[in-house]
Amino acid sequence: MPEWEDKILWQRLKEDSEARETFLAVYQTFIRHVASQVCFHSLEWGQDDELSEAMIAFNEAIDLFIIDKGVPFLAYARLLMKRRLIDYYRKQSLRQAISLDQEDIGRGIDIYLGIDEFREQEQDRERAEEIQQFSRALASFKLTYQNLVEVSPKHRDSRETLLRAARELAFDSELWSQVEGSGKVPMQALALKTQIHPKVLERGRKYILAVALLMTNQHDYVYLREYVLTREGGAKG
Amino acid sequence: MSKILAVVLEKSGSRYTVLGRDGTFRQVHRQLNAEVGEEIQIQSWSEVFSGVRIWAGAVALFLVVLTSLIGWNLYQAPTAVALLSVDINPSLQFALDNQGNLLKFQTQNEDAKRMLSQIDLKGKPIQDVIKQIVTQAYDQKFLSAEQHWVVVGYSPMTDKTIAQMPKELNESQIISWVTEIGEKKGLTPQVAVFSLTSEERNLAQKRELTLGEYALWQTADKAGVVTQPEKLKDTSERVRLLEDPQVQVQIKAEKKKIEDGLPRKSGNVKQDSGSTNKPSENGMRKPLPVGKQFSPIKGQFPEMDKSRGQEGDQPKNQDINNSNDEDKQKQKQTAKDQEKQQNKERDKAKNSVNKEIERVKEKENVYGPVLAPIPAPGNLRYDTFPIYKIPERQEDEREMNDESGIEDHNDVDH
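Protein chains in written order, with my numbering: chain A, 382 to 618; chain B, 6 to 419.
Hints were generated in silico from the structure; no laboratory data involved.
Certain hints may be false.
As the list claims (entries may be wrong) - Below 25 Å or equal to it, Euclidean Cα-Cα: the simulated SDA-like pairs (lysine to any residue) are:
| hint | chain 1 | residue 1 | chain 2 | residue 2 |
| --- | --- | --- | --- | --- |
| 1 | B | Lys129 | B | Ala100 |
| 2 | A | Lys587 | A | Arg545 |
| 3 | A | Lys587 | B | Ser17 |
| 4 | A | Lys587 | B | Val41 |
| 5 | B | Lys8 | A | Asp538 |
Unchecked claim - Label pairs and their in silico Cβ distance ranges:
| hint | chain 1 | residue 1 | chain 2 | residue 2 | range |
| --- | --- | --- | --- | --- | --- |
| 6 | B | Gln32 | A | Glu402 | 27 to 33 Å |
| 7 | A | Val407 | B | Ala63 | 51 to 57 Å |
| 8 | A | Ser563 | B | Arg35 | 33 to 39 Å |
Using N, Cα and C, we set each Cβ at its ideal position, and we do this for glycine too.
Pulled out of the complex, with its shape left as it was, chain A reads as follows:
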């Protein structure tokens, strides 16, 4: 579980308004990302009301979230934001926007969604969406799940080594821009940065790339990234 989902932190977020402000500021990017996905166009702070609606939903999510339920906060917040935006569009009679989320058209949208009601079924559906998205992202690097099964490290030590390398790659903007530009992992630079032997990195190249994809696209893979983020590494941003 990411470190920011620590119980003490959540208690502070709920009680300390300053901490909550900081938290909201940090997650502005995520809020805009989700809102833009729902609206299918780019949104700007101070110009679009959708972002304000999304921010309100995100703030509510902080109040309603219970860490013990074992649900990722961002997944829960994302669902709340989506529902609120759909409701917003419905109120504005913006049919064009509503039609983009066909699943929610037929039923009444209740923007209030308690954490207990955040059922497994919905989580599974969201996860499945992430998996499809991840599959497409892997395909752009000519990778498949089967490839990842073959190269996935079985021993804990080697797995932790490669996860560390993936984290360094994902959160180093310079290195990751090289990955996005060339479609390849900059092995030498990564070896220098991580001090891991190039042969080890080369053996785990596909695994590092796939895991780095999940880590770096934190707004897209709110579920899947939890499978590869260790507590020591934590989530950044």
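With chain A's structure known, arrange chain B on it following the hints.
For chain B alone, kept in the frame of chain A given last:
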């Protein structure tokens, strides 16, 4: 069972591709009817590995036990039970198994190494080993008319291996093997055979001497001939000692002790049953005497023959080997005439034997080498008699004494 959550990434046939909470992409058997995106429980790798580890451990343990058993059996088979040394100039010492096969060489000097480079003796029976060594010694001029001594020593590896020692490892057998080769080569080697105990073997090893060298040194020491043990490595020194009159006297004395003592040892056993006529079969080799024995072969060493107990004092018996059969015939012819006289002498002989038995009882440890000159071929049969066959010897003595008129107890008193 430790299980972890994993999300189903892909369904293919009867398998799921999943991403586990430990960050591994794996394929697992399909469970119920999970859809893509659902979380399922799977075994952690550590659990899988621990299962494999248990099986691997069990298999490894089984293999170790199996290998140990096989190894132990293989190891047991070729255990060295005896040590044999041959000193000509090539000096070598080797271990034998209970089948009498050569296991390994323990020590060897430069000449021996050179000689062994031309022949492979490992695993061969003792008979072949000795014959090949002597043959090579002849061929390489180590044995010649000038240097005709072959010193052989043998001992059990430990006290526990005495019973396992090969049967063919005895003085007469060794002498016959050496002389057989000598005859073929047209020379008559002189063989000194020593039997040592395991304690003496240890002492010899401590002094870095072969068994034969150690036994010879001990004999010389008893004779008052001072020599350095390390000099025994030198062939000329060994020959000097073997041909030294004092050493020969000591050898004679010790030989006499054995001849006098050992028969009485067996006689002790037989005395209870009232019979001293049966030869002691076991007396030949086992149990090994406490001291070393030095087995003679008569004919090649007249001085020794003279001194061999009571026979040595009988002029008529100097050439025992040739006249033995004739003497027996004469004895039979005159047996009836001398029956009364024999009965008297037998009584005296019994008395003297009994006295000697008592004396030997007092001397628990009979310890004495006996010099063994190599016989002429004609004498071989007699000379290969086991030196412990006392009853026969006594019979011979009586027969000889019948002629010479000298009583046994005179000899015993020496």
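In rising order, the numbers of the hints this structure does not comply with:
6
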